[in-house]
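> Single-letter residue listing:
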Amino acid sequence: MKSISGKKELGRRPNARATAEVMAQVLRTTANLAFTEGLNPAQWAALRYFSQANATACSVVAFARHHGTTKGTASQTIAALQKKGLLDRQRSETDRRSISLALTDRGRSILTHDPLNEVAAAIASLSDPEHDALADGLDHVLRTLMVRRALRSDDQAGEMGGDLDDSEGGEEGAAAD
Amino acid sequence: MARILVIDDVPSVTALLRLLLEGRGHAVAEAHDGVAGLEAMEGAPFDLVVVDMMMPGIDGIELIKRLRRQSNRPAVIAMSGGSDEFPAAYALKISEMHGADRLLYKPFDNDEFLDTVAELLGGTPS
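Just so you know, the protein sequences line up as chains V and C, in that order.
Read left to right, the first sequence gives residues 1 to 177 (the numbering used here).
Read left to right, the second sequence gives residues 1001 to 1126 (the numbering used here).
Among these hints, one or two may not hold up.
[Claimed, not checked] Mimicking EDC-like on lysine to aspartate or glutamate, the simulated pairs with C-alpha atoms at most 16 Å apart in a straight line are:
(1) Lys1065(C) - Asp128(V)
(2) Lys1093(C) - Asp139(V)
(3) Lys1093(C) - Glu1062(C)
(4) Lys83(V) - Glu37(V)
Treat the hints as calculated values from the structure; they're not laboratory data.
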């Protein structure tokens, strides 16, 4: 687009705050879609994970670690899926001591109705450049958020360490800095 | 036989994977960071790249992203054990979004790895 002066206008960047709110609306819509087939969003996420993970990673501990959640939360989600007959414990053929979790036939069948399919269809309707930009943008935003979260928890750990140092004289804390 | 590039910043990992792959008759090259991996790919074509997600400098995600823009890119296996700051499920899903063909959560056992390679290479004997 050209201005009256004939120079090419750069146009306005989308509003970052409003973009974040739209992203929140997309997430809310996606989460709402995921309350279907008697499952909740966390249970759908677990079904997706166990349908794709290699056998060694098909345990409660691995699921919790790889998703950055607690073992307690992961156990609850997995227990619910087992109760619904969607996940099953299987003994390894090579190591009889090892037990891994696998989708049952019903679990695989229900995953064909994954509510995320609807979101994937909306994304697939984007043009190639739009899809490229979305993928790059989501990658950047997620990675930035993870870095900031890590920095925040480092700061909090530092503050707690500082508090302890204060109460205990602080010499070791100074050396640690 | 396939030409395979293994990229991981932990040399013991690349050495083990090389051993496994050479045992199946593949020609294997190693790189220990993303820059060296990209340089290796400029020098010779590969059928398959096995790459770790968490590396200093150009990490696995960035490398896969760059490969996505190439017309004749090799097949890619992304692997990750994640970290406290960046869970593996996040890293691997981003890598899949950018075009990774298969995902492996670390640790994995030898058979899982070799089965994944064989599945991906299809007709190539492994």
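> For every hint, state whether the structure bears it out.
Against the structure, the hints:
no., hint, result
1, Lys1065(C) - Asp128(V), "holds (15 Å)"
2, Lys1093(C) - Asp139(V), "holds (10 Å)"
3, Lys1093(C) - Glu1062(C), "holds (13 Å)"
4, Lys83(V) - Glu37(V), "holds (14 Å)"
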